[in-house]
Amino acid sequence: MKDIHFTYQDDSELWLEDVISNHHEEALARTNSLLAQTEEDENGCWVSGTTQRPKVRFHGRQVAVARFVYCVLNREVLDQATVIRHRCHNELCCRPDHLVPGSVADNKRDDWDFWANGVDFDLL
Numbered sequence: 580m581k582d583i584h585f586t587y588q589d590d591s592e593l594w595l596e597d598v599i600s601n602h603h604e605e606a607l608a609r610t611n612s613l614l615a616q617t618e619e620d621e622n623g624c625w626v627s628g629t630t631q632r633p634k635v636r637f638h639g640r641q642v643a644v645a646r647f648v649y650c651v652l653n654r655e656v657l658d659q660a661t662v663i664r665h666r667c668h669n670e671l672c673c674r675p676d677h678l679v680p681g682s683v684a685d686n687k688r689d690d691w692d693f694w695a696n697g698v699d700f701d702l703l
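Under the working numbering, the first residue of the sequence shown carries the number 580, and numbering increases by one thereafter.
Source of the hints: derived by calculation from the structure; they are not laboratory data. Each hint should be verified, as a subset may be incorrect.
[Stated by the list, open to error] Derived Cβ-Cβ restraints for the label pairs, each shown as a range: (1) Thr630 <-> Phe693: 19 to 25 angstroms; (2) His603 <-> Glu670: 24 to 30 angstroms; (3) Gly623 <-> Val683: 22 to 28 angstroms; (4) Asp658 <-> Lys687: 16 to 22 angstroms.
Just so you know, even glycine gets a beta-carbon here, dropped at the ideal spot from N, CA and C.
Hey, can you work out the whole structure from these sequences and the hints?
Next comes the structure, spelled out in structure tokens:
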């Protein structure tokens, strides 16, 4: 008997898959527009001047700008369990080279390391 494997894709995965497969050029233009609206702060982070984590609405869904930027630029579909970690530890930052995917546990370890040692600017 053959093994049957099922995979489950949550709504966010299906939406991202559609965006990357069918609307990538439009999403890329939106990403570039979002990044053009940012300013570089003293730590090299690209921030938009908001006081809370910036969000974007695209094709019927609202997502964090950092997640949208990462997924569109890397053509990567992330599940809901995967978070976007900020190597700069600035949740307002959307600079692509400051963003990496990981688990909630990875993100928590980043926080502990930051609290103990501060930002490692060699990583940025």
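Right, here's what the structure says about each hint:
Taken as a hint, the range 19 to 25 angstroms holds for the pair Thr630 and Phe693, whose Cβ atoms sit roughly 20 angstroms apart. Range check, His603 to Glu670: about 26 angstroms between beta-carbon atoms, so the 24 to 30 angstroms window is met. At about 26 angstroms, the CB distance of Gly623 to Val683 agrees with the hint of 22 to 28 angstroms. Distance hint for Asp658 and Lys687: a CB-CB separation of about 18 angstroms, consistent with the stated range 16 to 22 angstroms.
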